[in-house]
Amino acid sequence: MRMHSVFIRHIERLRRLVVAMGLSAEEGKDILQDVFVEALKGPLKYRSDREASQWLMRVTANRCLLEFRRRKRHSRAVSEVVKQWAELKKHSSGPDMQAIRAEEVEAMMQCLREMDESLQVPLAMRYFCELNSTEIGEILELEPGTVRKRLYKGRIVLADTLLRKGIKL
Amino acid sequence: MKEQICQVASKEKLVAYADGDLSPSETDRIAEHIASCSDCQAVTEALERSLQVTQTIWQTGQAQWPKTHPLEVFQSSKWSFRKVATVAASILLVLWAGAVWRMLSRLTERAGISREQALAVEIKRKIADSGDAARLLASAELLSKYPEAEKDVKQRYQHIVEKYPETAAAAKARKKIQ
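Residue numbers (the numbering used here), protein chains in the order written: chain C, 11 to 179; chain X, 10 to 187.
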């Protein structure tokens with residue numbers, strides 16, 4: 011199994027995971043470089059592309075968690091997110107979305123900063139890296155049922171934050 | 010423990026509904042219920058909205074990554090491409106050295122077997138030469154009893170000396186010639 015080619019094929023998904031863990035592009039680059047070097051060290055262990063990509067996601071998630079514990083990120087400027095949303099909206103052909111508001115962004119960022127990592131990683135993998143419960147379970151070495159429970163719990167934590175703060179939807 | 014919102018639906022059920030994880034009949038039932046339950050409606054909206062906002066935060070982070078070739082991740086301050094290439098080269102060098110070492114071990118092993126075989130062949134050849142030389146010497150000595158065969162006998166001794174110089178028969182033949 012040529013690990014570097016698997017790495018290149020899956021780098022977009024790995025980047026998404028890094029970003030969803032609240033790390034900056036610079037920090038993300040460092041993490042992905044470390045993961046790449048790790049991948050070069052252990053290229054013969056995994057026989058299939060699937061196993062290799064799971065290994066990459068697992069190692070990247072663990073590295074992100076180490077970094078996340080140190081820094082507790084998700085501290086981007088709220089105004090920057092709102093501005094970026096407007097930019098993304100201009101170029102998006104998806105369904106119409108109500109304009110994003112600063113108070114919502116602030117609430118969600120705080121929630122992500124405080125959220126238990128056992129919920130945060132599956133959420134990022136499911137709703138940003140577009141993996142299903144079975145795939146997430148294989149990466150994190152959890153039963154699919156456990157993954158689903160964590161996803162549900164994570165979604166409820168996010169939703170409760172908006173409700174608790176009385177943010178008008 | 011499921012957190013009930015009302016008698017019909019729990020929060021988990023509404024997440025499953027929002028994610029499309031329910032069967033078609035269950036989806037219809039919950040949709041009908043939400044339309045008439047303000048509490049469930051509020052939770053469903055909060056579930057959808059919170060996810061939208063979270064995904065926007067993630068997308069904002071994603072947009073900060075320049076659209077470059079995948080391997081350009083190696084151009085940040087911590088690891089230059091050269092450093093990564095050096096690490097990769099070191100790993101390859103170790104692997105190559107291992108492979109060469111294994112190959113040399115095998116060759117040495119093979120060479121050891123060849124030496125033994127060559128020694129055996131050499132011993133066999135010397136035994137055969139000694140036998141042949143001894144037989145030729147014996148025949149020459151028999152012929153030497155006949156004066157008319159003197160020339161032939163000398164040729165035989167000469168042949169033994171030239172062809173089997175290291176044998177005991179050659180040493181005796183040399184004396185006969187002298």
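Think of the hints as simulated: they come from the structure by calculation, not from any bench. One or more of the hints may lead you astray.
[As the list claims (entries may be wrong)] Distance condition first, Cα-Cα at most 25 Å in a straight line; then the derived DSS-like pairs of lysine-lysine:
1) X:K154 to X:K133
2) X:K133 to X:K181
3) X:K184 to X:K154
4) X:K133 to X:K160
5) X:K11 to C:K159
6) X:K185 to X:K135
7) C:K175 to X:K154
8) X:K154 to X:K135
9) C:K163 to X:K11
Cross-check of the supplied hints:
1. Between K154 (chain X) and K133 (chain X) the CA atoms are separated by roughly 33 Å; this puts the pair beyond 25 Å, and the hint is violated.
2. Straight-line distance between C-alpha atoms of K133 (chain X) and K181 (chain X) comes to about 22 Å, which keeps the hinted pair within the 25 Å bound.
3. In summary, the hint linking K184 (chain X) to K154 (chain X) is supported, as the alpha carbons are separated by about 17 Å, within the 25 Å threshold.
4. Of the pairs offered as hints, the one joining K133 (chain X) and K160 (chain X) is violated, with about 32 Å between alpha carbons and a cut-off of 25 Å exceeded.
5. Annotation: proposed proximity of K11 (chain X) to K159 (chain C) holds, straight-line Cα distance about 10 Å (limit 25 Å).
6. For the given pair, K185 (chain X) sits about 22 Å from K135 (chain X) by alpha-carbon distance, which is consistent with the 25 Å threshold.
7. With a C-alpha separation of about 132 Å, the suggested pairing of K175 (chain C) with K154 (chain X) is violated against the 25 Å cut-off.
8. For the hint linking K154 (chain X) to K135 (chain X), the alpha-carbon distance of about 29 Å lies beyond 25 Å, and the restraint is violated.
9. Between K163 (chain C) and K11 (chain X) the CA atoms are separated by roughly 10 Å; this keeps the pair inside 25 Å, and the hint holds.
Going down the numbered hints, you'll see the structure goes against 1, 4, 7, 8, while the others check out.
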